[in-house]
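Asks: If you're matching them up, the sequences are chains U and C in order. Be aware that the first sequence starts at 7, since it is given in my numbering, and climbs by one per residue. Be aware that the second sequence starts at 7, since it is given in my numbering, and climbs by one per residue.
Hints were generated in silico from the structure; no laboratory data involved. Wrong hints could be hidden among the right ones.
Stated by the list, open to error - Derived pair list, reagent style SDA-like, types lysine to any residue, alpha-carbon separation capped at 25 Å:
| no. | chain 1 | residue 1 | chain 2 | residue 2 |
| --- | --- | --- | --- | --- |
| 1 | U | Lys248 | C | Lys248 |
| 2 | C | Lys81 | U | Met126 |
| 3 | C | Lys248 | U | Gln137 |
| 4 | C | Lys248 | U | Ala186 |
| 5 | U | Lys81 | C | Cys188 |
| 6 | U | Lys248 | C | Asp187 |
| 7 | U | Lys81 | C | Ser128 |
| 8 | U | Lys248 | C | Lys217 |
| 9 | C | Lys217 | C | Lys81 |
| 10 | U | Lys81 | C | Lys81 |
| 11 | C | Lys248 | U | Lys81 |
Quick caveat, the model's predicted, so the values are computed rather than measured.
Protein chains: 2
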Amino acid sequence: VRRFRLVIEYDGTDFAGFQIQNQGERTIQGVLEETIERLSGQFSRVHGAGRTDAGVHATGQVVHFDSTWQVPAEKVAVALNAVLPIDLTVRTGGVAEATFHARHDAIRRTYVYTILNREMPSALRGRYVWQVHPPLSRERMQSAANHLIGTHDFATFGLPDAPGKSTVRRMDAIEITPQADCLRIRVAGSAFLKHQVRAFVGTLVEVGRGKLPPDAVKTILESKDRTQCPKVAPPQGLCLVKVEYSEKRNEDLFGKTE
Amino acid sequence: VRRFRLVIEYDGTDFAGFQIQNQGERTIQGVLEETIERLSGQFSRVHGAGRTDAGVHATGQVVHFDSTWQVPAEKVAVALNAVLPIDLTVRTGGVAEATFHARHDAIRRTYVYTILNREMPSALRGRYVWQVHPPLSRERMQSAANHLIGTHDFATFGLPDAPGKSTVRRMDAIEITPQADCLRIRVAGSAFLKHQVRAFVGTLVEVGRGKLPPDAVKTILESKDRTQCPKVAPPQGLCLVKVEYSEKRNEDLFGKTE
């Protein structure tokens, strides 16, 4: 048995999220497991670094699975891409150490949220942005975002994996960058609660359009009360772009077959 | 009766091209005409600057139509966007002079074709690129493209609107630019034959991967024989980005309500 690892990309529009939940729903995990079973002849459970919600995209999701599949390590990605649907592709694939775990070993995740900040919608970007009509102040949003950096209890902004578990997370960076008629919000942190990035973005947009002062975010954070979260942004603007591991694990992931 | 003009954007994936052809097919023209009729209460024929093929996208297509619709000129775009599907949107709209014609008055069209030049497909860009695996030489492709600039009979590369009509067109620029793992081919010219840009791109890719010498393109052009066209690129990489009019008409189009 070898432990395989993949970096995958997906357009989340037509998926009910990463994780298998209800029978009959199309999920990233489900499509990957079916494809791997079809190619290897055996069922393998797929584990992902981040459980993205329905409609959320990824360019750098990391997964692992165990299999006795006799494919050469450097051919895993090409073999899977030949069978996977067009909206779920493998960027790189290979064999990891037997102890590698895509989720437990991840030390940092980076998400990017894209806001189309103009009056008119965009046919070509509609699947990948949240269109916000009123002009947003990047400066006010960045000033508010700075209150969220560091290690805090983020109970206001999301739910833990299971009831009663810790809602403390470490946010390393929240950077808001203008890009033509868009605002790009990059959020990097140790790990994220369910809906956390979308709740950050929803809150920052309320600040950016002048409905909340930037410092209100500090009070909202400290309330640790989900009912105090002003708004949750829709999923289609969100993309999981990178998962990082310790130096040792990064080498394990990226050093051998690429 | 006023003559309305729109700059529109569309994701061509789920359309059978711009022009209404067969009953029951979803076309840009058809969806626009239905939407305008629904809002204005009367049928208006829609005329477009370029008849893009099935699967081809646009960010700068221009159309016009006549109507007694009592909407203020500056509200046309917002009114239509409220009803149009997410993959067809209006960027700007207004009222033109009664003699303006979106197709006949256009003096230049610009298309961009995007090639994803890498081994692995991309789930997020698959709808908008042609994935070409072998590494392409941008230099060879640009050198071949230079033979296509100027006024020539392009019968090798496409069909005229109607049999027997002229296949002479003026190409002002063909620029091939690398952009991360993509090649972006920008083609600007007076007007284009059916399939012309895709035939250019298919031919240039054969040069870029070393199957044809750059100078062979001159011979192929001069043959004026469609069977000499080496390859036609698929539609999804193509996007109509700009339509230009004479200075007088550009003012008419863009000077009044924006």
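Asks: So, for every hint listed, does it hold in this structure?
Replies: To see whether the hints hold, each was checked on the structure:
{"no.": "1", "hint": "Lys248/U <-> Lys248/C", "in the structure": "violated (35 Å)"}
{"no.": "2", "hint": "Lys81/C <-> Met126/U", "in the structure": "holds (12 Å)"}
{"no.": "3", "hint": "Lys248/C <-> Gln137/U", "in the structure": "holds (23 Å)"}
{"no.": "4", "hint": "Lys248/C <-> Ala186/U", "in the structure": "holds (17 Å)"}
{"no.": "5", "hint": "Lys81/U <-> Cys188/C", "in the structure": "holds (23 Å)"}
{"no.": "6", "hint": "Lys248/U <-> Asp187/C", "in the structure": "holds (18 Å)"}
{"no.": "7", "hint": "Lys81/U <-> Ser128/C", "in the structure": "holds (17 Å)"}
{"no.": "8", "hint": "Lys248/U <-> Lys217/C", "in the structure": "violated (37 Å)"}
{"no.": "9", "hint": "Lys217/C <-> Lys81/C", "in the structure": "violated (53 Å)"}
{"no.": "10", "hint": "Lys81/U <-> Lys81/C", "in the structure": "violated (55 Å)"}
{"no.": "11", "hint": "Lys248/C <-> Lys81/U", "in the structure": "violated (42 Å)"}
Taken one by one, the earlier hints fail for this structure at numbers 1, 8, 9, 10 and 11, listed in ascending order.
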